[in-house]
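Colleague: Top line first, the protein sequences correspond to chains A and B. All residue numbers for the first sequence refer to my numbering, where the first residue is 9 and numbers rise by one. All residue numbers for the second sequence refer to my numbering, where the first residue is 29 and numbers rise by one.
Just so you know, not all the hints are guaranteed correct.
What the hints assert, rightly or not - Lysine-lysine pairs mimicking DSBU-like chemistry, simulated, CA-CA at most 30 Å apart:
| no. | chain 1 | residue 1 | chain 2 | residue 2 |
| --- | --- | --- | --- | --- |
| 1 | A | 138 | B | 223 |
| 2 | B | 40 | A | 387 |
| 3 | B | 65 | A | 66 |
| 4 | B | 351 | B | 223 |
| 5 | A | 280 | B | 40 |
| 6 | B | 40 | A | 314 |
| 7 | A | 117 | B | 433 |
| 8 | B | 251 | A | 138 |
| 9 | B | 431 | A | 187 |
Keep in mind that the hints were calculated from the coordinates and are not lab data. Here the structure is a predicted model, which means the values were calculated and not measured.
As a plain string of letters, each chain reads:
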Amino acid sequence: MTTHKENIVKKINDTGLIQDEPLIFEQGGEGRRGYSLPKWDVQKVEAKQVIPSHLLRKELTGFPQLSEVDVVRHFTRLSQWNYGVDNGFYPLGSCTMKYNPKVNEEVAKIRGFAQVHPYSPQEICQGILKLMYELENYLAEITGMDDVTLQPAAGAHGELAGLMIIRAYFRDRGERRSKILVPDTAHGTNCSSSTVASFRMVGIKSNEKGILSAKQVDEQMDDQVAAIMVTNPNTLGLFEEELGEIARIVHQRGGFVYCDGANLNALMGIVKLGDLGVDMVHLNLHKTFSTPHGGGGPGAGPLAVKKELTPFLPVPVIEKAGETYRFNFDLPKSIGKIRAFYGNFGVMLKSYAYILSMGAEGLKKVSEMAVLNANYLMKRLKDYYHLPYDWPCMHECVFTDRNQEKYHINTLDIAKRLIDYGFHPPTVYFPLVVKGALMMEPTETESKEGLDRFIETMITIAKEAEENPDLLREAPSRVKVRRLDEVLAARKPKLRWTGKNPNNQIPNRNSPSPPLNLRGGWGAL
Amino acid sequence: MEDYLRYLPHTKEDVREMLEAIGTKSVENLFEAIPKKFRLSKPLNLPQPLSEPDLIRHLEGIQSQPYISFLGGGAYHHFIPAVVSHLISRSEFYTAYTPYQPEVSQGTLQAIFEYQTLMCQLTGMEVSNASMYDGASSLAEAVLMAQRITGRKKILLSQSVHPEYRKVIQTYIDPDEQEIVLIPYLKGKGRTDEKAMVQCLGQDVGAVVVQNPNFFGVIEDFKNMGEKVHQTGGLLIVCFSEAVAYGILRPPGECGADIVVGEGQSFGIPVSFGGPYLGIFTTNEKYIRNMPGRLVGETVDLEGKRGFVLTLATREQHIRREKATSNICTNEGLCALMATIFLSCLGKEGLRELALMNLNKAEYAKKVVSGIRGCKIAFSAPTFNEFILKVDGDPEKVLEKLKEKRILGGLSMEKFYPELNHHLLVTVTEMNTKEEIDQWAEELEKALKSNSPIVT
Chain A
9 MTTHKENIVK
19 KINDTGLIQD
29 EPLIFEQGGE
39 GRRGYSLPKW
49 DVQKVEAKQV
59 IPSHLLRKEL
69 TGFPQLSEVD
79 VVRHFTRLSQ
89 WNYGVDNGFY
99 PLGSCTMKYN
109 PKVNEEVAKI
119 RGFAQVHPYS
129 PQEICQGILK
139 LMYELENYLA
149 EITGMDDVTL
159 QPAAGAHGEL
169 AGLMIIRAYF
179 RDRGERRSKI
189 LVPDTAHGTN
199 CSSSTVASFR
209 MVGIKSNEKG
219 ILSAKQVDEQ
229 MDDQVAAIMV
239 TNPNTLGLFE
249 EELGEIARIV
259 HQRGGFVYCD
269 GANLNALMGI
279 VKLGDLGVDM
289 VHLNLHKTFS
299 TPHGGGGPGA
309 GPLAVKKELT
319 PFLPVPVIEK
329 AGETYRFNFD
339 LPKSIGKIRA
349 FYGNFGVMLK
359 SYAYILSMGA
369 EGLKKVSEMA
379 VLNANYLMKR
389 LKDYYHLPYD
399 WPCMHECVFT
409 DRNQEKYHIN
419 TLDIAKRLID
429 YGFHPPTVYF
439 PLVVKGALMM
449 EPTETESKEG
459 LDRFIETMIT
469 IAKEAEENPD
479 LLREAPSRVK
489 VRRLDEVLAA
499 RKPKLRWTGK
509 NPNNQIPNRN
519 SPSPPLNLRG
529 GWGAL
Chain B
29 MEDYLRYLPH
39 TKEDVREMLE
49 AIGTKSVENL
59 FEAIPKKFRL
69 SKPLNLPQPL
79 SEPDLIRHLE
89 GIQSQPYISF
99 LGGGAYHHFI
109 PAVVSHLISR
119 SEFYTAYTPY
129 QPEVSQGTLQ
139 AIFEYQTLMC
149 QLTGMEVSNA
159 SMYDGASSLA
169 EAVLMAQRIT
179 GRKKILLSQS
189 VHPEYRKVIQ
199 TYIDPDEQEI
209 VLIPYLKGKG
219 RTDEKAMVQC
229 LGQDVGAVVV
239 QNPNFFGVIE
249 DFKNMGEKVH
259 QTGGLLIVCF
269 SEAVAYGILR
279 PPGECGADIV
289 VGEGQSFGIP
299 VSFGGPYLGI
309 FTTNEKYIRN
319 MPGRLVGETV
329 DLEGKRGFVL
339 TLATREQHIR
349 REKATSNICT
359 NEGLCALMAT
369 IFLSCLGKEG
379 LRELALMNLN
389 KAEYAKKVVS
399 GIRGCKIAFS
409 APTFNEFILK
419 VDGDPEKVLE
429 KLKEKRILGG
439 LSMEKFYPEL
449 NHHLLVTVTE
459 MNTKEEIDQW
469 AEELEKALKS
479 NSPIVT
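Required output: the full structure, derived from the provided sequences and hints.
Modeller: This is the structure we're talking about:
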């Protein structure tokens with residue numbers, strides 16, 4: 009047994025600048041405070057004098073008691089174990105991890121936006137309504153659609169709203185359509201959104217070129233299909249070349265074309281989805297329009313639709329009469345409300361700032377450089393990594409681990425080794441149609457030098473796989489934690505701190521090897 | 029003009045070299061997969077790009093002007109310690125993606141684990157997810173979850189639940205598959221009519237939904253309802269829109285709740301015209317596999333060191349696809365972090381004191397306003413930091429008069445409850461000084477005097 013003091017010394021020695029940091033519940037002490045409230049200027053009575061005791065709590069059991077300094081140190085240390093776009097290259101495919109402009113963060117803090125209550129009278133927030141109205145117009149122009157709702161809080165929320173609109177459209181006509189066609193390259197949300205909106209998802213295979221064929225759609229399209237959901241460019245980074253014809257077929261049989269606009273970053277100012285026959289498309293403001301991902305949100309997933317579907321949009325919609333903007337809650341055919349209030353205004357504001365900063369030429373340049381970067385990356389790496397679809401891509405490209413299989417190295421090992429070199433890994437094992445996929449999206453904000461560094465690293469890793477594969481299997485090693493036992497986490501879920509087992513923050517080198525990790529393996533250890 | 033190039037690092041030489049490496053002549057050639065007839069021949073119709081200073085000037089020019097506010101009803105003005113904004117502005121937090129790669133996301137993951145723990149402590153439940161979009165969508169997901177668990181189609185929904193939350197439930201359910209029965213509130217007390225609810229209970233009821241404090245600010249007493257719904261095999265769902273109340277209120281987990289959901293905006297997140305906010309979602313362990321949303325769990329790394337990962341993902345869309353428990357992917361991670369930092373600062377004593385201050389300020393406002401002719405506190409049950417005020421006159425006109433004095437005096441109830449056509453929802457938080465409350469009451473009195481009384 010080592011003493012507490014020895015443990016602390018050991019901890020410092022072990023971790024260097026990657027400091028250990030206990031949970032907030034494991035530090036602080038009785039009476040320590042990190043808050044400052046306004047002065048008591050009214051009479052203070054105890055809660056039980058107003059509210060019956062049986063409706064009151066005894067205490068906030070377990071809540072921490074920390075000083076402000078404790079809190080700042082704690083979260084600063086935590087932040088240092090993270091990797092963000094500002095730390096370096098983040099080629100996470102289908103996630104569009106572009107640079108998040110700082111001025112947008114600043115303007116979102118402007119008092120007259122951040123401190124405005126959603127139930128404020130509309131006449132005192134005309135600027136806010138104008139901003140939302142204009143953002144709707146810009147997004148309609150970029151996508152070639154007629155109307156936009158800004159309310160969905162994320163891409164999947166936009167999908168759900170879209171499919172509910174389609175459901176409402178058919179029910180309004182007294183029609184029941186039960187199916188949604190979803191390609192095998194689709195994001196998982198397309199499938200689950202279909203189910204939540206009471207449709208049955210029917211899979212549709214992409215062809216040998218990695219895209220949907222009009223012929224296949226023609227075979228599966230019947231009068232039970234409410235819509236086809238297409239991601240364009242798709243998750244292989246390929247433009248759906250036959251979409252125009254597919255839309256014609258789907259429309260002919262009374263269905264709609266839903267586009268998952270997660271990958272719009274390739275198309276701005278180049279082509280309008282509306283021109284291709286798309287009837288509705290959701291956009292991810294936290295991808296294409298530069299707002300930060302926040303470690304998993306908040307995002308925003310505005311939905312753009314063609315006129316035919318406008319009556320079904322969620323309420324309220326924003327209208328302009330003369331120079332006055334107002335909310336209209338009176339849309340008899342509307343699907344209703346999909347969340348409280350009007351959407352993630354703070355996110356909209358940042359995207360509005362982004363569009364105004366870029367203008368038409370800037371946005372076109374964004375798409376051009378995003379596609380140039382992806383093609384450059386693809387070309388430079390294809391001699392080292394297997395490229396299942398070997399033709400020009402749009403904004404992202406997909407490699408596999410096939411070339412490394414013979415060294416018993418898989419996609420996860422490659423991804424983890426990248427961490428040792430200071431890069432965020434690409435998206436792994438997606439899309440599902442590609443075995444061992446490594447999906448890379450550089451985005452337009454990465455410079456050529458940045459790409460070259462990444463390319464050199466990927467080439468080095470390919471050589472390591474051949475010559476010293478253990479380096480990959482044991483990766484990452486220069487991080488706060490090494491590969492984690494995900495099986496244990498799922499088998500014995502520990503989802504909150506319970507006050508037990510407080511000592512395991514001190515690494516114990518002599519502990520027996522943990523069980524095998526199904527996906528990655530534990531390498532030589 | 030080309031200030032936007034600050035986000036686009038490519039020089040002409042870079043582009044030339046890259047095209048050469050690719051083996052093509054122009055950037056345009058890279059788009060050959062797009063049929064020519066669809067390619068745009070003219071630029072998008074968007075405003076000319078703005079420089080950074082011009083952008084700031086433009087946005088500052090359209091911002092709203094400050095008012096003294098007594099608005100609430102699901103969005104609350106609370107003090108946000110400077111620490112919150114500073115810490116979430118660390119770009120390692122806000123420019124990171126969802127923590128799918130745990131080795132480079134331990135900061136986000138540990139913070140979410142702490143958030144989950146705080147939410148369990150707050151609500152008295154055993155499990156919390158990593159967040160939902162907002163309180164309303166969280167509640168709608170809770171209703172869907174209750175139906176998955178019980179296989180029953182009927183939901184008893186108290187009318188004192190936030191009207192917008194009720195609308196969102198209505199949107200989320202499929203009217204062909206599910207049925208909502210509204211349970212009225214007691215006209216005198218402003219609480220859910222327990223008798224009416226018990227009468228509607230039966231083997232076909234999947235869940236009972238109440239809000240505490242409810243939309244009228246009234247503190248509900250639902251323990252009994254919980255016992256009754258459990259007797260018929262249904263679940264009790266408790267929601268809230270004012271999370272600060274739980275600094276003093278008994279956690280719903282101690283009163284029989286099976287799912288507790290709510291809005292976390294009060295915990296360090298600005299009102300920001302309605303979003304982004306924070307959907308809190310908690311339940312008990314036995315229902316974990318039916319839960320929507322992401323979960324962070326504790327585990328060890330290959331050296332036995334504590335670490336955190338996303339777990340039980342077999343419920344989620346990226347693994348389970350059409351069979352997932354929900355379609356949620358991106359949630360409100362940074363808002364959950366804001367709440368975690370906020371609660372870390374306030375801690376055990378701070379949250380209690382904050383709640384108590386809110387209660388006391390609202391009690392003071394009730395007392396002051398009770399003395400005004402033409403004003404009456406509409407409901408007799410105890411309230412937290414908001415209450416329904418009945419005025420002798422047209423509430424819209426009264427509000428208009430107050431607005432002229434730069435006071436947003438409350439929220440007119442008529443559009444939500446036609447029968448409450450002389451009623452205002454008044455919210456008082458720690459941000460309202462005694463002076464403001466006095467001024468509000470004074471202006472209210474003046475407005476009522478000048479407003480010709482309407483017989484009710």
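Colleague: So, for every hint listed, does it hold in this structure?
Modeller: Results of checking the hints against the structure:
no. : hint          : result
1   : A/138 - B/223 : violated, 48 Å
2   : B/40 - A/387  : holds, 19 Å
3   : B/65 - A/66   : violated, 70 Å
4   : B/351 - B/223 : violated, 38 Å
5   : A/280 - B/40  : holds, 27 Å
6   : B/40 - A/314  : violated, 39 Å
7   : A/117 - B/433 : holds, 26 Å
8   : B/251 - A/138 : violated, 46 Å
9   : B/431 - A/187 : violated, 52 Å
Consistency note: the structure conflicts with the earlier hints numbered 1, 3, 4, 6, 8, 9.
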